[in-house]
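Enquirer: Going line by line, the protein sequences match chains B and F.
246 is the number that our numbering gives the last residue of the first sequence; the numbers go up by one with no jumps.
265 is the number that our numbering gives the last residue of the second sequence; the numbers go up by one with no jumps.
The hints are simulated quantities; they were obtained by calculation from the structure and are not laboratory data.
Take the hints with a grain of salt, since some may be wrong.
Said to hold, decoys possible - Simulated pairs of lysine to aspartate or glutamate, EDC-like, Cα-Cα distance not exceeding 20 Å: (1) B:Lys189 to B:Glu173; (2) F:Lys103 to B:Glu179; (3) F:Lys140 to F:Asp211; (4) F:Lys103 to B:Asp60; (5) F:Lys103 to B:Asp12; (6) F:Lys103 to B:Asp212; (7) F:Lys258 to B:Asp12; (8) F:Lys103 to B:Asp107; (9) B:Lys232 to B:Asp107; (10) B:Lys126 to F:Glu66; (11) B:Lys84 to F:Asp11; (12) B:Lys84 to F:Glu99; (13) F:Lys103 to B:Asp101; (14) B:Lys238 to B:Asp212.
Just so you know, these numbers come straight off a predicted model, no measurement behind them.
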Amino acid sequence: MALIEFKDVCADFPIYNANGRSLKRRLIEVATGGKLGADTHGRVVVRALDGISFSFKDGDRVGLIGHNGAGKSTLLRMLSGVYKPSLGSIRLEGEIGSLIDISLGIDPEASGRENIFLRAALLGMKNSQIKERLNEIIDFSELGDFVDMPVRTYSSGMHLRLAFSVSTIVRPEILLMDEWLSVGDENFKHKAEARMAELVQNTRILVIASHDRKMIEHNCNRAILLEHGKIKMDASPKEVCSAYFG
Amino acid sequence: MTQLFTVAITDIYRALVRLPLAGLLGWQDLRQRYRRSTLGPFWLTISQGVMIGMMGVLFSQIFKTEIEEFLPFIAIGMIMWGYISSTIIESGMVFVASEGIIKQLPIPIFTHVLRMMWRNILIFGHNLLIVPLVLLAVQKSLGWVALWSIPGFILVTVNLTWIVLLFGILCTRYRDMPQIVASLVQVVFFLTPIMWMPKLLPERTGAYLLDFNPFYHLLSIVREPILGAMPSLLNWGVSLGLAVAGWGVALLFYGRYKARVPYWL
């Protein structure tokens, strides 16, 4: 069983190098981004999430939509546990996997093989588990002998194939994504699609931020529209998409 | 207060469970720095060795001390100080440098402290090669008492870890701190008997410069056994007391501000 429950969650980012005085006691609602404000000490604060409440349960496929700076990424990071809420509370059951930045931690000077270990360890896999699935990962990436070459010699497509092959090896109960992953040439794309479909199918809760209407309508059964860090709409993908995309 | 301790200790426990990750990242840091270089980290050993040799000869002349006595003293002192000072100076960047990972993956931030400590222990290990060479050069042998430097080194590391944790958090919030820390480390280097021997000090100044300097005690519990003497009870006592008190403060601080670190980055 997986469960996520947000109750009035806020995320306030203190900005220490901006001049707080000029903004004191003045709330500015900017076109994009969270709400700018000042705290009791007169410091500038960006409220990236403002009173977010929802609950996700097994089977939920949630699409997050909204303008740049509406709080999608912050919400994903809040879900992954990177940020703790400044206000409000979160209840979370289930193991979380994040496919937000699949190239994170890849060292261009190290070989593909070393990078598989590095990347998989960052995702929380044990050394023995990685060894067990090493060949599977290498085969999937179609890198062949290049796997023992430094990653800096790779083309950007090969680089992504490597990152994709390692990162999609985990099967978390709750899966977080920032845009649908689609990599490689025509041939690899089909394989990647199949892998993604399987990954999504095996996860209990999927939360994905996207600007792609088709993708959301196809993969999600619930959509949340964020605006200035608040939930503006929480309904079926069809309704939310037609409200947002028009 | 108990709650703060619980938060801190849970996070540290979670980092220890994932110790291989810290090890792998620390090792990777070192390899990354010296990739495509033939000698790799041994370049540090060589430059450190040359430095120790030069200073050993020069200062034994200036202080009119026997080179047989002075060279091992300065060698161990410099290598230990290299370890202590680089961990403390790097503590300022320990979280800032890992910003990418901290903002993307829910890995306990103590992992980054362990990663940095491990990287510096590896460098220390390379530098340690100088010690047998120096002992060989001055025809000095090690006694059984030298083994006491192992618990000494562990206690130094335990102390450094809380310092890194505490400074790491402070330096993430206040970005002027790393500069302050770096200049203070420089000052401590001259105030601590590394290049000069404690016995050269007049009695009264000695009491101030040595007994009140925690770094003197930390150095002594590693250096004295290798030089063939047991560290004093005061050396052990201060080092141990510092570890207990320091960890107490660091844990409270960590428990209180752990969740803020990603926001500050």
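Enquirer: Are Lys258 (chain F) and Asp12 (chain B) close enough, with their CA atoms no more than 20 Å apart?
Expert: With Cα atoms ~15 Å apart, Lys258 (chain F) and Asp12 (chain B) stay inside 20 Å; holds.
Enquirer: Next pair to validate is Lys103 (chain F) with Asp212 (chain B); report whether the Cα-Cα distance is within 20 Å.
Expert: violated (24 Å)
Enquirer: For a C-alpha distance cap of 20 Å, please report whether Lys238 (chain B) and Asp212 (chain B) respect it.
Expert: With a Cα-Cα distance of about 13 Å, the restraint between Lys238 (chain B) and Asp212 (chain B) holds, given a limit of 20 Å.
Enquirer: Need the status of pair Lys103 (chain F), Glu179 (chain B): alpha-carbon distance at most 20 Å?
Expert: At roughly 18 Å apart (the allowed maximum being 20 Å), Glu179 (chain B) and Lys103 (chain F) satisfy the hint.
Enquirer: Measure nothing beyond the straight line between the CA atoms of Lys189 (chain B) and Glu173 (chain B); if it is 20 Å or shorter, mark the hint as holding.
Expert: With Cα atoms ~24 Å apart, Lys189 (chain B) and Glu173 (chain B) exceed 20 Å; violated.
Enquirer: Under the criterion that the straight-line Cα-Cα distance not exceed 20 Å, is the pair Lys140 (chain F), Asp211 (chain F) satisfied?
Expert: Outside the cut-off at roughly 28 Å; violated.
Enquirer: Taken at face value, is the distance from the CA of Asp107 (chain B) to the CA of Lys232 (chain B) at most 20 Å?
Expert: Roughly 40 Å separates the two Cα atoms, so the pair is violated.
Enquirer: Within 20 Å, alpha carbon to alpha carbon, are Lys103 (chain F) and Asp12 (chain B)?
Expert: holds (15 Å)
Enquirer: Keeping to a limit of 20 Å between CA atoms, is the pair of Lys126 (chain B) and Glu66 (chain F) held or broken?
Expert: violated (53 Å)
Enquirer: With a cut-off of 20 Å on the C-alpha distance, tell me whether Lys84 (chain B) and Glu99 (chain F) pass.
Expert: Measuring from Cα to Cα gives roughly 16 Å; hence the hint holds.
Enquirer: For the pair supplied as a hint, Lys103 (chain F) and Asp101 (chain B), confirm whether the alpha-carbon distance does not exceed 20 Å.
Expert: The given pair, whose Cα atoms are some 10 Å apart, holds under the 20 Å limit.
Enquirer: Mind checking the alpha carbons of Lys84 (chain B) and Asp11 (chain F) for me, to see if they're no more than 20 Å apart?
Expert: holds (14 Å)
Violated hints, in rising order: 1, 3, 4, 6, 9 and 10; the structure is consistent with all others.
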